[in-house]
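Heads up: the sequence lines are chains A and B, in that order. Using the numbering used here, read the first sequence as starting at 1 and increasing by one per residue. Using the numbering used here, read the second sequence as starting at 1001 and increasing by one per residue.
Worth double-checking, as some hints may not be accurate.
[Said to hold, decoys possible] What the simulated footprint calls covered on chain A by chain B, stretch by stretch (three residues with Cβ under 8 angstroms from a Cβ of chain B suffice, anywhere in the stretch; the number is not a length):
{"hint": "1", "stretch": "37-48"}
{"hint": "2", "stretch": "104-114"}
[What the hints assert, rightly or not] Simulated pairs of lysine to aspartate or glutamate, EDC-like, Cα-Cα distance not exceeding 16 angstroms:
{"hint": "3", "chain 1": "B", "residue 1": "K1049", "chain 2": "A", "residue 2": "E103"}
{"hint": "4", "chain 1": "A", "residue 1": "K57", "chain 2": "A", "residue 2": "E44"}
{"hint": "5", "chain 1": "A", "residue 1": "K57", "chain 2": "B", "residue 2": "E1101"}
[Claimed, not checked] Here are some chain A residues the structure puts well away from chain B; computed CB gaps all over 10 angstroms:
{"hint": "6", "residue": "T20"}
{"hint": "7", "residue": "E52"}
{"hint": "8", "residue": "E56"}
{"hint": "9", "residue": "S58"}
{"hint": "10", "residue": "E78"}
Hint data in this document are derived by calculation from the structure and do not stem from the laboratory. Glycine is no exception: its CB is placed at the ideal position from the N, C-alpha and C atoms.
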Amino acid sequence: DTGVSQNPRHKITKRGQNVTFRCDPISEHNRLYWYRQTLGQGPEFLTYFQNEAQLEKSRLLSDRFSAERPKGSFSTLEIQRTEQGDSAMYLCASRPRDRPNTEAFFGQGTRLTVV
Amino acid sequence: AQSVTQLDSQVPVFEEAPVELRCNYSSSVSVYLFWYVQYPNQGLQLLLKYLSGSTLVKGINGFEAEFNKSQTSFHLRKPSVHISDTAEYFCAVSDLWFGNEKLTFGTGTRLTIIP
């Protein structure tokens, strides 16, 4: 069990560029979550997957954001036409399905800076 | 809808002194409660959780929390803090029992230990 892995750890991009982040959950965790954390705030829920199905999306996930989990393993979060307001830490978490009382395990996050 | 209030944004404490970080929540259903710790530029690590049963919950690193249903509180305590406890602490709530997958976080409390 190597934990939830996120890449890259840091990303600096120019406004208007597209960026993509990757999350590798703990193996056999079928639930995967994305959260966004802006400076001085707690994490806010963006979306979650059960296997490859995206079951819930927050209103925070605008049309410029898209998340995928094509084979039910790793997931990607893409932001198109980045804006300065997208600067934040993007956190991924995973949880096993067959243990409903188990907490979500978080990765170390990807810090995005839009300049 | 759920919400979490962490009344103290910053708490300075002398080393070896006790500390209490306050958390109040609101929810119309029964909830699960969590405390997570975040070290600088890191993801979230679970300190402890309350799912059911005993209202006094013990976690890692000598932390404990007490669930008080009548006061809708879940305050975090440690009898003697160490320099290494300097971090951001987040209280979170979910109604997993009802199939709600997402965690709702408070805005965090920054704990600073003074040598």
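Tested hints:
{"no.": "1", "hint": "37-48", "result": "holds (count 7)"}
{"no.": "2", "hint": "104-114", "result": "holds (count 7)"}
{"no.": "3", "hint": "K1049/B x E103/A", "result": "holds, 8 angstroms"}
{"no.": "4", "hint": "K57/A x E44/A", "result": "holds, 12 angstroms"}
{"no.": "5", "hint": "K57/A x E1101/B", "result": "holds, 11 angstroms"}
{"no.": "6", "hint": "T20", "result": "holds, 19 angstroms"}
{"no.": "7", "hint": "E52", "result": "holds, 16 angstroms"}
{"no.": "8", "hint": "E56", "result": "violated, 6 angstroms"}
{"no.": "9", "hint": "S58", "result": "violated, 8 angstroms"}
{"no.": "10", "hint": "E78", "result": "holds, 20 angstroms"}
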